[in-house]
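As a plain string of letters, each chain reads:
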Amino acid sequence: MSATLPTTPTRPGTEAFAAKGWLAAHKWLVLRRSSQVGILLLFLVGPWFGWWVVKGNLNFSYTLNVLPLADPYVILQSLLARQVPEKLALIGAAIVVLFYLLVGGRAYCSWVCPVNLLTDLAYWLRVRMGLKGSAHISRPTRYWMLGMTLLLAAATGTIAWEMVNPVSMLHRGLFFGIGFAWAVLLAVFLFDLFVMRHGWCGHLCPVGAFYSLIGRFSVARITLPARAACNDCMDCFAVCPEPQVIRPALKAIGGTPPMILEANCTNCGRCIDVCSKDVFAFGTRFNTTVAPMNGVPQAAPK
Amino acid sequence: MENVDKPSAAARRQFIADTARMACGVGLLGLGIGLYARHAQALPPAAIRPPGALPEKDFSAACIRCGMCVRDCPYNILHLAKPEEPMSTGTPYFVARQLPCEMCEDIPCVKACPTGALDHSLKDINKSKMGLAVLVDHETCLNFLGLRCDICYRVCPVIDKAITLDPQTNARTGKHTLFIPVVHSEHCTGCGKCEKACPTEVAAIKVFPLYMAKGQLSSHYRLGWVEKEKAGGSLVAPDVEHQYNLPEGMKYESGKGLSGSPGAVPPAPTPDAVALPKAFQGGKL
Chain V
81 MSATLPTTPT
91 RPGTEAFAAK
101 GWLAAHKWLV
111 LRRSSQVGIL
121 LLFLVGPWFG
131 WWVVKGNLNF
141 SYTLNVLPLA
151 DPYVILQSLL
161 ARQVPEKLAL
171 IGAAIVVLFY
181 LLVGGRAYCS
191 WVCPVNLLTD
201 LAYWLRVRMG
211 LKGSAHISRP
221 TRYWMLGMTL
231 LLAAATGTIA
241 WEMVNPVSML
251 HRGLFFGIGF
261 AWAVLLAVFL
271 FDLFVMRHGW
281 CGHLCPVGAF
291 YSLIGRFSVA
301 RITLPARAAC
311 NDCMDCFAVC
321 PEPQVIRPAL
331 KAIGGTPPMI
341 LEANCTNCGR
351 CIDVCSKDVF
361 AFGTRFNTTV
371 APMNGVPQAA
381 PK
Chain S
-18 MENVDKPSAA
-8 ARRQFIADTA
2 RMACGVGLLG
12 LGIGLYARHA
22 QALPPAAIRP
32 PGALPEKDFS
42 AACIRCGMCV
52 RDCPYNILHL
62 AKPEEPMSTG
72 TPYFVARQLP
82 CEMCEDIPCV
92 KACPTGALDH
102 SLKDINKSKM
112 GLAVLVDHET
122 CLNFLGLRCD
132 ICYRVCPVID
142 KAITLDPQTN
152 ARTGKHTLFI
162 PVVHSEHCTG
172 CGKCEKACPT
182 EVAAIKVFPL
192 YMAKGQLSSH
202 YRLGWVEKEK
212 AGGSLVAPDV
222 EHQYNLPEGM
232 KYESGKGLSG
242 SPGAVPPAPT
252 PDAVALPKAF
262 QGGKL
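Keeping their order, the protein sequence lines are chains V and S. Going left to right, the first sequence walks through residues 81 to 382 as this note's numbering numbers them. Going left to right, the second sequence walks through residues -18 to 266 as this note's numbering numbers them.
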């Protein structure tokens, strides 16, 4: 590592900070936090000041009385519980599916979901406090959770998952009164902090699992136009909430093109920030303009 | 052969163990949530759903807890259930004793519902069935005590249809009339104005969810007087003349009351007066 590094050389992003400056090393993080907080503010100015830009919550919202947005996951549960919603909710769900097909399924998790603020804080504290151990549950557990919630909707004939879903509990609670939902959210926070690294968002949350299914086909991708420049500093792995998605693209495992095609990449862009060699960039899955690696031009994905 | 099979057998064993672990762990969680969801379907008696709400079973499948009805209610009467409340988390309700439904003619809450959990076919608010008012306490209702409170009757938006005042003799004084409020389920919308307005410490008239407040006759029951009207006359013709079973020597006439003295020789009953089959007239077959 370079000798010009400031005090704590082990913190990821230090190299990028030295090479690119603070702003370039935090660009996507700042944008992402602005998006998360901005969306919350849009919902909050209604109940706070009576400026009704958007009504409702993440399950269904109506913006300026023209744009309906509905959570396709909750609509799917409703359908499985044998209730067909009115047209407005179906249109809203279709718009949301199309949107995430463009920007990346789990962009919902990193750019919109309010629980991400909480679990990111837990992770930040976990690193700061030097907490090392972590319980082990495999990452695909979330798909079991997803299956369970869908099965439950069909079996009970109710949207049972919404009784306990921390994501909607937090978002709804902020605008309609939180009640004891704070205890559920504290539990999620403490679980991530003390029990399991990236526990909720990275292993268990069925909402994220649902959006990752959309993410399998979505257009916006983290591309690696300069993957040959990688100096193996491991900073991207350290900041990535789903580090398993990076390796195939970065190391061209099994001929993977220089593009993160894994469904669980949340398109948070933090890897772009912390890379001092600018290996990563936002692109689309149709990107063909990537720098050759080892002199061999890389083909675009299927 | 042995060398090839061993690792794959171990892998298969591992796969089955992992799958079983997932299925059991997640299944256990699912069982808990499922039972919780079933429990929550028993709506607490004070929680009244907004107008047009589907029956509870369908409602918990259709309502996506977005709160649009809460937002579009101009009187802010609706709440979304918090997780600690004994009903489906996030679903809308109101408490009549706090703020009753004002029965807006354009029903904005129903219009706002994106899923139809509040049924969009409800166009006339007077046809809504949010619940049913029940005069639960005959001991504290002021009208039952003989006062002319009448507040529930007068605040009722469907006055003289949903609640009527039925005059009854005041047996306590013997010379006054009780005006008993009677709720008619055919017209009551369950808005809760009566419960809100009841002046007693705890309301004597309360609105309950329909399933709790309404009885139902068995399907084979027929009301004689309705059948008689339908048929245009008595179904048992000719009507049997009424007989009084009095001690010997006593006589009763409507309006005049009892007369005669017990023990006096009764007039011999005419055979025609008792229209019983011969078999029942004693010994003379």
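Possibly wrong hints are sitting among the right ones.
[Unchecked claim] The calculated DSSO-like cross-link candidates involving lysine-lysine, where the alpha carbons are at most 27 Å apart (straight line), are: (1) S:63 x S:110; (2) S:195 x S:38; (3) S:142 x S:177; (4) S:38 x V:167; (5) S:104 x S:177; (6) V:167 x S:142; (7) S:108 x S:195; (8) S:232 x S:195; (9) S:38 x S:108; (10) S:108 x S:92; (11) S:92 x V:167; (12) S:177 x S:108; (13) V:167 x S:108; (14) S:38 x S:110; (15) V:167 x S:177.
These aren't lab readings, by the way, just hints derived from the structure by calculation.
Original post:
Within a Cα-Cα threshold of 27 Å, do residue 63 of chain S and residue 110 of chain S meet the stated pairing?
Top reply: It holds: about 24 Å lies between the C-alpha atoms, which stays within 27 Å.
Original post:
Straight-line Cα separation of residue 92 of chain S and residue 167 of chain V no greater than 27 Å?
Top reply: Satisfied, since the Cα-Cα distance of roughly 12 Å is no more than 27 Å.
Original post:
Is the straight-line distance between the alpha-carbon of residue 38 of chain S and that of residue 110 of chain S 27 Å or less?
Top reply: holds (16 Å)
Original post:
Taking 27 Å as the top limit, are the C-alpha atoms of residue 195 of chain S and residue 38 of chain S close enough?
Top reply: holds (17 Å)
Subject >> Given pair status - residue 177 of chain S, residue 167 of chain V, alpha carbons within 27 Å >> reply: violated (36 Å)
Original post:
Does residue 177 of chain S lie within 27 Å of residue 104 of chain S when you go C-alpha to C-alpha?
Top reply: The given pair, whose Cα atoms are some 25 Å apart, holds under the 27 Å limit.
Subject >> Pair hint outcome, residue 232 of chain S versus residue 195 of chain S [Cα-Cα no greater than 27 Å] >> reply: violated (44 Å)
Subject >> Holds or violated: residue 38 of chain S to residue 167 of chain V, with C-alpha atoms at most 27 Å apart >> reply: Judged against 27 Å, a Cα distance of about 21 Å means the pair holds.
Original post:
Quick one, are residue 167 of chain V and residue 108 of chain S close enough, alpha carbons at most 27 Å?
Top reply: holds (24 Å)
Subject >> Satisfaction of hint between residue 92 of chain S and residue 108 of chain S, Cα-Cα up to 27 Å >> reply: The hint holds at about 16 Å.
**OP:** Mind checking the alpha carbons of residue 108 of chain S and residue 195 of chain S for me, to see if they're no more than 27 Å apart?
**Re:** holds (16 Å)
**OP:** Please work out if residue 167 of chain V and residue 142 of chain S have their alpha carbons no farther apart than 27 Å.
**Re:** violated (36 Å)
Hints 6, 8, 15 from the list above are not met by this structure, while the remaining hints are.
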